[in-house]
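Novice: As a plain string of letters, each chain reads:
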Amino acid sequence: MNELPQQLVNGLLLGSMYGLVAIGYTMVYGIVQLINFAHGEIFMTGAFGALTVWLWLPGGTSMWLALPLMIVGAIIVAVAIAVGAERFAYRPLRTAPRLAPLITAIGLSLALQQAVWAWYPEAKSARTFPQIPGGPFEIGNVTIQTGDIFLVLAAPISMAILAYFVMKTRTGRGMQATAQDPDTAKLMGVNTDRIIVIAFALGAAFAAVGAVAYGLKYGEINFRMGFILGLKAFTAAVLGGIGNIYGAMIGGVVLGVAETLATAYIADIPGMDKFGSQSWADVWAFVLLILVLLFRPQGLLGERVADRA
Amino acid sequence: MTALLEVEDLRVAYGKIEAVKGISFKVEAGQVVTLIGTNGAGKTTTLRTLSGLLKPVGGQIRFNGKSLKKIPPHQVVSLGLAHSPEGRHIFPRMSIEDNLRLGAFLRNDKPGIEKDIQRAYDLFPILGERRKQAAGTLSGGEQQMLAMGRALMSQPKLLMLDEPSMGLSPIMMQKIMATIAELKSTGMTILLIEQNAQAALSLADQGHVMEVGNIVLSGTGQDLLHDESVRKAYLGED
Numbered sequence: 010m011n012e013l014p015q016q017l018v019n020g021l022l023l024g025s026m027y028g029l030v031a032i033g034y035t036m037v038y039g040i041v042q043l044i045n046f047a048h049g050e051i052f053m054t055g056a057f058g059a060l061t062v063w064l065w066l067p068g069g070t071s072m073w074l075a076l077p078l079m080i081v082g083a084i085i086v087a088v089a090i091a092v093g094a095e096r097f098a099y100r101p102l103r104t105a106p107r108l109a110p111l112i113t114a115i116g117l118s119l120a121l122q123q124a125v126w127a128w129y130p131e132a133k134s135a136r137t138f139p140q141i142p143g144g145p146f147e148i149g150n151v152t153i154q155t156g157d158i159f160l161v162l163a164a165p166i167s168m169a170i171l172a173y174f175v176m177k178t179r180t181g182r183g184m185q186a187t188a189q190d191p192d193t194a195k196l197m198g199v200n201t202d203r204i205i206v207i208a209f210a211l212g213a214a215f216a217a218v219g220a221v222a223y224g225l226k227y228g229e230i231n232f233r234m235g236f237i238l239g240l241k242a243f244t245a246a247v248l249g250g251i252g253n254i255y256g257a258m259i260g261g262v263v264l265g266v267a268e269t270l271a272t273a274y275i276a277d278i279p280g281m282d283k284f285g286s287q288s289w290a291d292v293w294a295f296v297l298l299i300l301v302l303l304f305r306p307q308g309l310l311g312e313r314v315a316d317r318a
Numbered sequence: 102m103t104a105l106l107e108v109e110d111l112r113v114a115y116g117k118i119e120a121v122k123g124i125s126f127k128v129e130a131g132q133v134v135t136l137i138g139t140n141g142a143g144k145t146t147t148l149r150t151l152s153g154l155l156k157p158v159g160g161q162i163r164f165n166g167k168s169l170k171k172i173p174p175h176q177v178v179s180l181g182l183a184h185s186p187e188g189r190h191i192f193p194r195m196s197i198e199d200n201l202r203l204g205a206f207l208r209n210d211k212p213g214i215e216k217d218i219q220r221a222y223d224l225f226p227i228l229g230e231r232r233k234q235a236a237g238t239l240s241g242g243e244q245q246m247l248a249m250g251r252a253l254m255s256q257p258k259l260l261m262l263d264e265p266s267m268g269l270s271p272i273m274m275q276k277i278m279a280t281i282a283e284l285k286s287t288g289m290t291i292l293l294i295e296q297n298a299q300a301a302l303s304l305a306d307q308g309h310v311m312e313v314g315n316i317v318l319s320g321t322g323q324d325l326l327h328d329e330s331v332r333k334a335y336l337g338e339d
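As you go down the protein sequences, you meet chains Z and A in turn. With this note's numbering, the residue at position 308 of the first sequence is 317, and numbering never jumps. With this note's numbering, the residue at position 163 of the second sequence is 264, and numbering never jumps.
Errors might be hidden in some of the hints.
Below, computed lysine-lysine pairings styled on DSS-like, alpha-carbon distance capped at 25 Å [stated by the list, open to error]:
1) A/Lys-127 with A/Lys-233
2) Z/Lys-177 with A/Lys-216
3) A/Lys-211 with Z/Lys-177
4) A/Lys-216 with A/Lys-167
5) A/Lys-156 with A/Lys-171
6) A/Lys-167 with A/Lys-122
7) A/Lys-233 with Z/Lys-177
8) A/Lys-258 with A/Lys-233
9) A/Lys-170 with A/Lys-117
Treat the hints as calculated values from the structure; they're not laboratory data.
Make the full structure from the sequences, and use the hints.
Specialist: What follows is the structure, given as structure tokens:
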């Protein structure tokens, strides 16, 4: 069992990547009650945005110089697509029955996948993502892979920026107000249309940071990467309590740790030796989702304060 | 002199059903004007149209000489029209203080905002004692105080109050009405919707009785208070 600290760290890192993507689901849901199923694909386009910047840079550019530019590229692409989707696909359906924007989201998700498959050079199979040079880092008897160093820094910084924005800025307070009562928010002078755009844009920006983390972690990206990861991040959002931004991060971490521990230890349980391999990881993640939906549907940080008097 | 608010032949519809069928009234600066009438008379619809949440199908709204017809709701408050909605609609998961700050959402004068928060606490001391508490945990009466305090945070020229005494205990209702009287004495212009016609008319300079989308009777508060038909229909006398 002395590899347990290592497994926990692995789970924490994987989970914070889920959490970065989950923020987008939860923010958009919190404000317009829409499950943006295209968010996984927005994450995917962010990864290709980062790769594009890398390919533009002259060969041999230092990764430490390239990485910030790649993050900016990822954010620009993901935010542009998310804001465009809000404006042209979701906004016209804002007063339509719930099912209409949901189906639109699924359609948009397929369209984005196919667009990258068809038009991005050589994207019909996986494309190699540049790597941070240098060996893995040892802290005590825990090893952090080079590709994961980015997450160690990016996840807490992103979370701090988000918390500051939502709690301390005027726009952030307007966002909270819009989530709780959109009509009354308008009476206070909050431009709720603008707040909705900002929610989509912020969610996409964090997903883009997650996408860079994904590329560095796995070394390659492909047009389908947003599907399973999007589902996992959605699970994380539900797990934490959808609509709650801290819940998204906590849900992500819980999911990542649970998935990692299940993969590492379930085979040790007598009679379960068949179910411990990496290919079962997704199964355990979604089993966790089903359990949460059965026993705590409001999620770990679900709201308990009375909503309306 | 033109009135602060002029409503002319205002018509509002939900789909094909007209809820407000061409009403006209004025609110002069410094006045308290009340709209009374039964549920479904169109009073709340009128206020929601004045603040831009509903679009009229006809008529004119002029506030401070400016037409409000093309102004989106989030800009109405910056013109000086504050709306404390029916059912209070405080932001339940935010603290009392953050609710008040949202009332000042478009203001940039930080010291002025702090001063007005203090003034809201002076007006309603219970809010000051619980400033960090989530607003959803307050009682109905305290939520009403918060809703009024929040509306005042925009430094309005006209304060619109929709059913401030709804669902309150008699003691709390008196307290709220006393506060409205206090605001009146400071010169605040108020457009008041009330089911408690007695209390509303005693306070009001002008009153209008609404029935199924029309104003059927207008007069000073005192006139209406002594009007035979009003006494029968709204003051529970026979």
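Novice: Each hint needs a verdict: does it hold in this structure or not?
Specialist: Checked hints:
Of the pairs offered as hints, the one joining A/Lys-127 and A/Lys-233 is violated, with about 40 Å between alpha carbons and a cut-off of 25 Å exceeded. Taking the CA atoms of Z/Lys-177 and A/Lys-216, the gap is near 20 Å; set against the 25 Å cutoff, the hint holds. At roughly 14 Å between alpha-carbon atoms, A/Lys-211 and Z/Lys-177 fall within 25 Å of each other, so this suggested pair holds. Among the hinted pairs, A/Lys-216 with A/Lys-167 is inconsistent with the structure: their alpha-carbon atoms are about 29 Å apart, more than 25 Å.
For the suggested pair A/Lys-156 and A/Lys-171, the alpha carbons sit about 9 Å apart, so the restraint of at most 25 Å is met. With a C-alpha separation of about 22 Å, the suggested pair A/Lys-167 and A/Lys-122 falls inside the 25 Å cut-off, and the hint holds. Restraint check for A/Lys-233 and Z/Lys-177: the C-alpha separation of about 15 Å stays at or below 25 Å, so the hint holds. Our distance criterion of 25 Å between C-alpha atoms is broken by A/Lys-258 and A/Lys-233, whose separation comes to about 29 Å.
For the given pair, A/Lys-170 sits about 20 Å from A/Lys-117 by alpha-carbon distance, which is consistent with the 25 Å threshold.
In this structure, the earlier hints numbered 1, 4, 8 are contradicted, and the remaining ones agree with it.
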